[in-house]
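**Q** Listed in order, the protein sequences are those of chains A and B. Each residue of the first sequence is one higher than the one before, counting from 0 in numbering that gives the first Met the number 0. Each residue of the second sequence is one higher than the one before, counting from 0 in numbering that gives the first Met the number 0.
Source of the hints: derived by calculation from the structure; they are not laboratory data. Some hints could be false.
Selected chain B positions facing chain A (in silico; Cβ < 7 angstroms) [what the hints assert, rightly or not]: (1) 118; (2) 120; (3) 122; (4) 125; (5) 127; (6) 131; (7) 236; (8) 237; (9) 238; (10) 250.
Computed list of lysine-lysine pairs in PhoX-like fashion (alpha-carbon distance at most 20 angstroms, straight line) [to be verified]: (11) B:82 / B:66; (12) A:119 / B:122; (13) A:119 / B:216.
Note that the Cβ used here is the ideal one computed from N, Cα and C, for glycine as well.
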Amino acid sequence: MISGRLAFTSAILLCCAASLAAQTRMPDWSGQWEIVGAAPSVSGGFKDSLDQVLKEMQWSPPNKPEVQARVNVIDAEERKRIEAIQRGEDVAVTGPTCTFGFPMIMIDSPLMFEIVPTPKETALIFSGREVRHVYTDGRAHTPKDELWPTPWGDSIGHWEGETLVTDTIAVKSPFPDTGPDFLPILAAGGEAGQAQLVSYLSSQAHFVERIRMVDRDHLEDQMTIIDPVNLTAPWHLTRTYRRVANLHRMVYESCEGDGEDRNPIVNGHYTIRPPRSRATFPTPVPADAPAGQATAPK
Amino acid sequence: MSRQKLILVAATLLGSAPAMGASNGPAVMPDWSGQWENVGATPDATGGFNQSLNQVLTQMQWSPPNKPNVQAKVDKIVAVERKRLEAVARGEDPGGAVRACTFGYPGLMLDTPLMFEILPTPKETTLIFSSREIRHVYTDGRPHTTKDELWATPWGDSIGHWEGQTLIIDTIAVKSPFGPESEGVPVLAFGDVEGEQTITILSPQAHFNERIRMIDKDHLEDQMTVIDPTNFTGPWHVSRTYERVGHINRMVYEDCEGEERNPIVNGHFTLAPPPSPAQKSPAPSAPPQ
């Protein structure tokens, strides 16, 4: 009993010591970041094909058989719809997607983001004006009577050295017609922005992440998704984020209807594209383009 | 001639000194954690404002040095706004009411019913508002964005530096969130249920300096100077105080699609979870009186 208490006390001391250490020196994760393998192409779609994304991003959700069966049915219907669009028999519904929600914004979205670590909170700010707030002041999750699901969930965390460990619950789909217990996980790829359902999570899904800097231009997020309702076991997946090379400030997507891309990809790099209302409309040129290069995107 | 050059060099060095010293921020970053609200701009339970428009106009000390032609334009707009307000007072619906989820700068700092967080780090301070509007103030010593990469946005282009525990911000390239850049940036005072009054209109050339500091553990202060030679006869100095939100310790975003997640009850922000299919309109939890 006493040793149990001592162990408990030691655990608290270790936890708090780590927390205090974090307060004295926060990691420098400044700058803009993008998900490796999820960069958009100049067409507004994705640079990698859907097949490439499905292969390279190592999707391997341990879906329960009934979940996998439903995923297969939905994907088959979606493929038929895409084929119909390609034959011109259906109309593609397109528009600027500005709310990806969690966990998609960490797994497979074409948005750039910033991470702002402070001792009591780390904010992750995405170019779709989505923000994740990870409170690291030692609080527990929001009590049930004040908690409701949102597209970004309820996140708390702590620091283990220079690794941010986050814990997220209460996530709901950002798509209003998906229902309260269907959080779709999509792989997106191809010029037309094709998407394939990889899994869907229940409202009980629980997320643990370990985010750290692996070198000065790369961050890594080791995510574990625990969902006893829809998964047979914890789902482990890893994403790498790289520093956006040609931008050094946040440029928000224009989500209010003009449908223009403020940071299109040219030659594989983010570029700046001012709104059309300006008198001059410089065509974006990536910083590493040869001098005098024609500005037509490739 | 050489003395002039020396003075120029000295001035350049003096001008750069705070920025260079500030590139790593102060030795200890200030702890401005928590949620903040604009004193005098808190909304009431009806969705309007806790204070009357007249109270706001008196207490918020609006005194823009408008040029005569700007003041004449403002007076015309105010006359229309007053007629609208009178119609509301008579119980008529004058139309045109919209749910605003983009206030833009400088309205965000001057008179909005939103809560916000400030996250200072050595190279950047972000101000995050419950309307999902975000100001990025880069304090890594950079100059403003170069002209060929700069366009006006509702939040502008902000750089800054630290003088001790005071954050100094310089903002340019601001446009109205409500209209085209050429029409300038209206600055509005809000009060009552649907009361609004235009105080001034800033030109696209407006330039903003702010000094934000903590004055006690529950209050921040923003001393703002607006420089707009096109529309003003001189700099406009305005000061705002922000108080800690008493009953909420996390960011709760407005539901800009129609419902309010943090209505005011008894003068305090409260939480109103979205209605579940079984429960259509939950009453917000009342805070202590």
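**Q** So, for every hint listed, does it hold in this structure?
**A** Status of each hint after checking the structure:
Taking 7 angstroms as the C-beta contact cut-off toward chain A, the hint placing residue 118 of chain B at the interface holds, the least distance being around 5 angstroms. Hint status for residue 120 of chain B relative to chain A: holds, with the closest Cβ pair at about 6 angstroms, below 7 angstroms. Evaluation of the residue 122 of chain B hint against chain A yields a held restraint, the C-beta minimum of about 4 angstroms falling below 7 angstroms. Interface restraint check for residue 125 of chain B: the shortest CB-CB distance to chain A comes to about 5 angstroms, inside 7 angstroms, so the restraint holds.
With a cut of 7 angstroms, the hint placing residue 127 of chain B at the interface with chain A holds, because the nearest CB-to-CB distance is about 6 angstroms. Hint status for residue 131 of chain B relative to chain A: holds, with the closest Cβ pair at about 5 angstroms, below 7 angstroms. Contact between residue 236 of chain B and chain A, as hinted, is not supported at the beta carbon level, the nearest pair being about 28 angstroms apart and thus beyond 7 angstroms. A hinted interface residue such as residue 237 of chain B counts as satisfied when its beta carbon comes closer than 7 angstroms to some beta carbon of chain A; here the least separation is about 26 angstroms, so the hint is violated.
Among the interface hints, the one on residue 238 of chain B is violated; its C-beta lies about 26 angstroms from the nearest C-beta in chain A, farther than the 7 angstroms criterion. Among the interface hints, the one on residue 250 of chain B holds; its C-beta lies about 5 angstroms from the nearest C-beta in chain A, closer than the 7 angstroms criterion. Between residue 82 of chain B and residue 66 of chain B the alpha-carbon distance is near 24 angstroms, which puts this suggested pair outside the 20 angstroms criterion. The suggested pairing of residue 119 of chain A with residue 122 of chain B holds, with an alpha-carbon distance near 17 angstroms, which does not exceed 20 angstroms.
At roughly 16 angstroms between alpha-carbon atoms, residue 119 of chain A and residue 216 of chain B fall within 20 angstroms of each other, so this suggested pair holds.
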